[in-house]
Amino acid sequence: MDLVLNVADYYVLTPYVFPASWPEDGALRQIISLLVLTNLGAAVLYLGLGALSYFFIFDHKLMKHPQFLENQVQREIKYAMTSLPWISIPTVALFFAEVRGYSKLYDNVNDSPLGWPGLFLSMISFLLFTDMCIYWIHRFLHHKLIYKLFHKPHHIWKIPSPFASHAFHPVDGFMQGLPYHIYPFLFPLHKVLYLALYIFVNIWTISIHDGDYRVPGALTGAINGSAHHTDHHLFFDYNYGQYFTLWDRLGGSYRHPSALMGKGPHDLIRKLQADGKLGDDRVKAKGQVNGHAQRGATCKEE
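Under UniProt numbering, residue 302 is the last one in the sequence shown; the count climbs by one each step, no gaps.
Heads up, some of the hints might be wrong.
[Said to hold, decoys possible] Pairs of lysine-lysine residues, derived as DSS-like cross-links and limited to a Cα-Cα distance of at most 30 Å, are as follows:
1. K277 with K263
2. K144 with K78
3. K191 with K61
4. K61 with K277
To be clear, the hints were calculated from the coordinates, so they are not data collected in a lab.
Generate the whole structure from the sequences, applying the supplied hints.
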């Protein structure tokens, strides 16, 4: 995060925002700057990437699904934009520790224990480590004593749009983001690579909520895509993974995507259309009560 902070200091904060008497390495100034940059960056990534996905990837036919809520997209955005500032508070504490030099982030490839191969290995280990951690954190959030407190708001979106990607309770959002911030305190990682991975994480999080269920055949059983994650929203206790299906298979929670078996959201929409029921308010009511999805055979919740 110090790369972003240094650029902001050089081009904006030092000449235009903070008084000259405030040194750039002052703790208070760094904390304030990190709070502003973290919130601004989160909003730009979420709204910018979410909008690109919504307008160019998301299949808007999914909005006809009985369990797609009234005004859902607006509600997803409102919930996310309300939660992100709260998530940023503990996140900034970790960023501040990074800036102060407590992490194992490094500037030059020569500082890598294995040189250039070390960059590639650290990228792979970052993905494997965070995928493992998020699987168990996510599964913990589904525990009956925890679920209703923190994770249930994210499961309101049975048929998510890209904007559901960050629509979490603040505690839920921070906990699932924690592995990304812990990694550089445990393992060496290049600062530029860390920034690139951080952006990739946001892109991936949006992609598994984008309603594009296509997965290359050879990767269907290994990669946790939107088809897999949509089944998590619909069927509750399957497909907890972030990038891969490895831990779901090991943990007995893997479910082959219903969308790839002719039983997904699009298939239900086509069936309702064929039956002439799609425009029937009674069909909509089956999936919603006062704007919230009902529990049913496809929505097991604790």
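Status of the hints after comparison with the structure:
1. K277 with K263: Cα-Cα ~18 Å, so holds.
2. K144 with K78: Given that 30 Å is the threshold and the Cα spacing comes to 26 Å, the pair holds.
3. K191 with K61: The given pair, whose Cα atoms are some 41 Å apart, is violated under the 30 Å limit.
4. K61 with K277: holds (15 Å)
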